[in-house]
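Here the protein sequences come in this chain order: A and B.
If you count by our numbering, then the first sequence holds residues 1 to 185, one letter each, in order.
If you count by our numbering, then the second sequence holds residues 1 to 519, one letter each, in order.
Hints are computed from structural coordinates only; laboratory data are not their basis.
Idealized CB from N, CA, C, for every residue including glycine.
Keep in mind that the hints are not guaranteed to be accurate.
[Stated by the list, open to error] To give a feel for the contact side, a few chain B residues facing chain A, derived at Cβ under 7 angstroms:
no., residue
1, P168
2, V169
3, N171
4, V172
5, S173
6, E174
7, R175
8, F184
9, D188
[As the list claims (entries may be wrong)] The following residues of chain B were derived to be distant from chain A, with all beta-carbon distances above 10 angstroms:
no., residue
10, E20
11, T22
12, A64
13, A68
14, E86
15, E93
16, N98
17, G182
18, D199
19, N243
20, D254
21, N268
22, A290
23, R406
24, G472
What follows is the residue order along each chain.
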Amino acid sequence: MTPAEMGAVHAESHAAHGGAGHPHAEEHRPVFTGAPRAELDALLSRYPTRMAALLPALWIVQRERGWVSEGAMAEVAQVLDLTPAYVKGVVTFYTMYHQHPVGRYFVQVCTTSPCGACGADDVVRAFLEHTGTRELGVTSPDGKFTVIEVECLGACGFATPVMVNDEFHESVTPDRVPDILSKLE
Amino acid sequence: MSDAKMITLTIEGRQVQVAEGTSILEAAKAAGVLVPHYCYHPGLPVAGVCRMCLVEVEKAPKLAPACATAVAEGQVVHVHSGKALEARKGVLEFLLINHPLDCPICDQAGECELQDYTFAEGRSEGRLVEPKRFNPVEDFGGDVLYVPNRCILCTRCVRFMDDVAQEPVLNVSERGDRAVIGKFEGQDLTHPWSGNVVDLCPVGALLSKDFLNKARAWELDRTASVCPNCTQGCNMMVETRDNMVVRLRPRPNDDVNKYFMCDYGRLNYRWMNRSDRLEAPLVRRGDRLAVAEWEAALVAAAKALDGKRVHAVVSPSLSNEALYLVSRLLERREGTGAFRVERGPEAPLPGVEDLALRSDRAANVHGAELLGFRRSDTPMAGLRGGDALLFVDADPGVLDVTDLGRAASVVVIGTTLPEVLRGADVVLPIANMVEEEGTFTNLRGRVQRFLQARAAPGMARPSWWVLGDLLGTMGEPGNYFLASDVFTALAGARAEFAGMSYDTLGLRGLPVMSPAGAR
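In isolation and in its complexed conformation, chain B is listed as follows (with noise of 0.2 angstroms):
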């Protein structure tokens, strides 16, 4: 950036600095001017054949496309000229020509950029009084379903196949008004990135069945978050409607996965959701668990772990700031902590450098082998007879109850209580990943942000909550206010993370500091 040679020009009478070879959309973005377009998008090849980005160029002949324009010194440009107003609001004539403006039943309302640019430049009636021709929705494999009525024909689907995702399978068939997207017989969207076609989608013709019919745009609530599903961190929003999670979606981040997300991880929600959760402390009285308040199985839990030696198995979904609690109660009960990791095949996307669906099918595996948590196929090995075991959140696939009889004593913090452990002497309840804030340090060290995005059931508290009254109780300073708080004394505490707070993080994260002091 810094060699490359700076065209300054105007756009909308701003005057703007921007690289050679930008275009003219780019440009005017640099400018906070949006062009209007359709085909346009930052991560795909430039086509240029929608026509919607048409814009005023002084001194030239005709409009411009936008996005295809590379910018000129001295240029004046006017995106909201009346020629190119008029310009646009023929396209927009044209684009709803055969479009069935279904936008009541259409799932992408609310969030479509055809309606968005029709409602702000289109005409409010139009001409047409030829039938509409009609093509039938078609089953295009994977999460996607075809709607061509609807459809504009922007190919960002058939270049995001082509050039991304690189598996071909999608073309543009037919020529004319009969044209739509269509896809070689037996060819179905089954690559693992396939689902960005949807998000890719301008319109209401590339949806999702898995989203099909569920909400309204406008019903749902956005939160900036991380998809936990595997250690590449992928930048995305949770959507919520009635605190439930309903979809979830990339959130662009050009360090780690541009504008794109997986099926695995999109689809892999509703965990997020479930209803057979912990919602209260138990403590055992006897041979059963009884609900108890907050103080008192705080006080259980740290009397279930005193003197003893602790041995944590952990999940490796967990925060950085929960795992870095429970290094600190480690460090002080002289203790262990293990975990295991879920493994599944790896799937590349081959047009983005450095972004796949990694085999590691959890959040955190770095950040808890930064902590110091041993990364093991058996965690339970660690645990000693006579030790407590420390059992947060993690998968109960490691247990079985032979390991449990080995423990002095039992203390889970979890979202759930598997079978296998109830005879546990304290159990803890805590929120999941969307009901918590917290960090999560990616396969490349980098620690991101996520927020909460639905309450937590019953009495379950954040985990970084419950981990440092824990902590408190036992005699540590560590009763937090604040999620960002315990992140502080993390960076404090670790050379890893020296120099971190959630402001600096921002929502795009930072790489932790390497070895030599490095970032």
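So here's chain A without its partners, still in its complex pose (with noise of 0.2 angstroms):
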């Protein structure tokens, strides 16, 4: 195989896992301008250095914006002093930074194993029905859910709990799934 074929076969995958190879690639408009800079600012007077604001830095970009796009990583390294790749390391890292854009309302079903065997896969399945999204990490088309499974919400003994966006929910059975849903705008 040559590098090219290679390289082939690696947009193919990209493909593959998250919709189009670089969707995202339009212009990225700054975070940090007015608000959210004068935020960052504040922030950036309690820690010693300027890399220790990078998780709160990135936490803005996600509330700004949904999600942390390549060009949200490359402001965020240019306002800290930080080097993109180092950035991208970070936010790879860390499971709770969306690298793709989500749902108006992010919907986490904690599958760990006590709500496991409280019934968690019945509710992933009511709320993938009920949502439309139809499968895990998946928005849905009118762009209103994501559902996601998450390791243990710490309520085992309310299973099971589950979270949209802030919000938090337990003892949630599929029944309940078309009421929790239909407060929401």
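Combine both chains into one complex, guided by the hints.
Below is the structure:
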């Protein structure tokens, strides 16, 4: 196989994983202007080094844009005097930073052992069906929902816990799912 | 070194004395004991991530990473104890969990540390029954291809780009069993020294595109040499297969290039295998050049130079030996010698002091100057009407036909015969630098040996041999049997080289004498 062919293999597999190879290649609009910039400056005053503010800076990006694009990583690198490669290493290390856009409502269902024993898989199936996403990690056609499985949400006594954005639901069963979803805009 | 406190410790039953602050791994090296390791490399900062170099230190509660543990007085270290062996066996088993075990099609096989240590100390069978994770091959740009499935995440490449090349484009992306070496989109390994990550990679994860699928490591013959592609004089290995140069790799030398070599030097080797070479001496017979015996050709060359002032245009990549003999010929014929140097952009390696791809793209500019040749952009300008021209493997770009018209006779000593020199009176074929032995003097005045790596084509002979015999034919003492004889004569004749011989140079070289008589 020539290097060119190997490259082709790579591009295809990217497509298979997360939609098109680089679907979000459009120009990056800077995040750190105005209020987010002031917020970052306040954060920076709390740490001994600029590098130390990397995780909170990424949280600001995710809150403002819903996910962390490569353009945003480059911007964070620039404002914190880091290299884009370093920032990317950190973003990809932590699972809670989104490297692709997600729905307005990000549904996380706990499927760790105790919840699994209490029927978490059925809860997952119910969410996939009622949100119309059909597959884990895929955003519904209306852009409203993304459903994923997560490891322990720390409510093993109240299986199955589900987080919808920052809102916590305990003891969720499949028949409660339509009710939870109906309250979301 | 001398004022550092010395520490005495015992490694594998051998007592060894090293400076305070030395790692156990380096102390073991000094004691002749190899501690298996992956992430440690003497040219890079210590990371301590591979856990392969765990050794047992008596009275310590647990195994210590030899690369990141400093020696202590009276320490007793066991590298091959049961506990240490078991730890390494475990590390190797984990490293192989997602490894494709594709040694038969891997370029690294035969020079792979994962293969070597697994063979020496690993389990003979794996216990993994789950499917292996798969990541596709990625083009890292430059000459580098990344095969993530073979990667053991030692981060040598990341640290090289961060700390030595100081262009941090690589990272460790993801985590756990998904972790791979990543790079930021659009930032490739285009640094002029980035090819070193392929040498640094202890396994087959980073491969040279140029060398891809060309040869198995065990088929290669390796010859110590010096890179001829700029005046830096990086020490290198010439790797040949079936008399063809297939790869150049750096050869460590602390005084010159540490462990590194630039991409320009490393990849500029195809000319060494040129097949349109001069293979026989040629002598003019009327309007054509006819093949001749060496003896007849040397007589013809001596005759062509006889009784005339000689102007020599030489290549600045000839050996000191060849240039010395040309300089003696010029002394005899009251001639002048000049050379032109091809230039290109300079490319330093920031993490190593005084190491760069130099803008002078020739091996022996300093040596040529020391031996009395004049550097000039128009080396032909020194040719007066009625002079004999001696053209020794120089770039034919310096010539045009009107220049040649001024010469009373033309003798070409070279590896090829360019079109513009077809009117020569005598043509003597010589070996190129990988086909002969000799020395270069680098830009800091370090004289370094290179050895013969492949056979010269046809009747071509080493340059020192041809020039020595030519001097002999002209009546000078000059018939040498070995390159080292020429060098000894050079050392006896030129103050800068005084006291040197191939033996004292060794394979790391020595600096020339300064005018004040100091090295």
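Against the structure, the hints:
Proximity of B/P168 to chain A holds as hinted, the smallest CB-CB distance being about 4 angstroms (cut-off 7 angstroms). A hinted interface residue such as B/V169 counts as satisfied when its beta carbon comes closer than 7 angstroms to some beta carbon of chain A; here the least separation is about 5 angstroms, so the hint holds. A distance limit of 7 angstroms between C-beta atoms decides the matter here; for B/N171 the minimum to chain A is near 3 angstroms, and the interface restraint holds. At about 5 angstroms, the closest approach between the beta carbon of B/V172 and any beta carbon in chain A falls short of 7 angstroms, and the interface hint on this residue holds.
A cut of 7 angstroms between beta carbons decides the hint on B/S173: the least distance to chain A is about 4 angstroms, and the hint holds. Here the hint on B/E174 is kept, as its CB sits about 5 angstroms from the closest CB of chain A, short of 7 angstroms. Of the supplied interface hints, the one on B/R175 holds, with its beta-carbon coming within about 5 angstroms of a beta-carbon of chain A, less than 7 angstroms. A distance limit of 7 angstroms between C-beta atoms decides the matter here; for B/F184 the minimum to chain A is near 4 angstroms, and the interface restraint holds.
Among the interface hints, the one on B/D188 is violated; its C-beta lies about 11 angstroms from the nearest C-beta in chain A, farther than the 7 angstroms criterion. Under the 10 angstroms C-beta cut-off, the non-interface status given to B/E20 relative to chain A holds; the minimum distance is some 31 angstroms. The beta carbon of B/T22 sits about 31 angstroms from the closest Cβ of chain A, which is more than 10 angstroms, so the claim that it is off the interface holds. Non-interface status of B/A64 relative to chain A is upheld: no Cβ of that chain comes within 10 angstroms, the nearest being about 27 angstroms off.
At the 10 angstroms boundary, the C-beta of B/A68 stays outside the reach of chain A, the nearest C-beta of that chain being 21 angstroms off. Interface exclusion of B/E86 from chain A stands, the closest Cβ pair being 30 angstroms apart, more than 10 angstroms. Residue-level check passed: B/E93 sits 25 angstroms from the nearest beta carbon of chain A, beyond 10 angstroms. Remark: the non-interface label on B/N98 is consistent with the geometry, its nearest Cβ contact in chain A lying 16 angstroms away (cut-off 10 angstroms).
Distance to chain A contradicts B/G182 as a non-interface residue, since its nearest Cβ pair spans about 6 angstroms, not more than 10 angstroms. Every beta carbon of chain A lies more than 10 angstroms from that of B/D199, the smallest distance being close to 19 angstroms; the non-interface claim holds. Once the 10 angstroms rule is applied to beta carbons, B/N243 is consistent with being away from chain A; the minimum gap is 26 angstroms. For B/D254, the requirement that its beta carbon stay farther than 10 angstroms from each beta carbon of chain A is met, with the minimum near 29 angstroms.
With a closest Cβ-Cβ approach of about 20 angstroms to chain A, B/N268 is found to remain outside the 10 angstroms limit, as its non-interface label requires. With a least CB separation of 46 angstroms from chain A, B/A290 remains clear of the 10 angstroms interface cut-off, as annotated. Taking the minimum C-beta to C-beta distance to chain A, about 51 angstroms, the non-interface status of B/R406 holds against the 10 angstroms cut. Non-interface status of B/G472 relative to chain A is upheld: no Cβ of that chain comes within 10 angstroms, the nearest being about 52 angstroms off.
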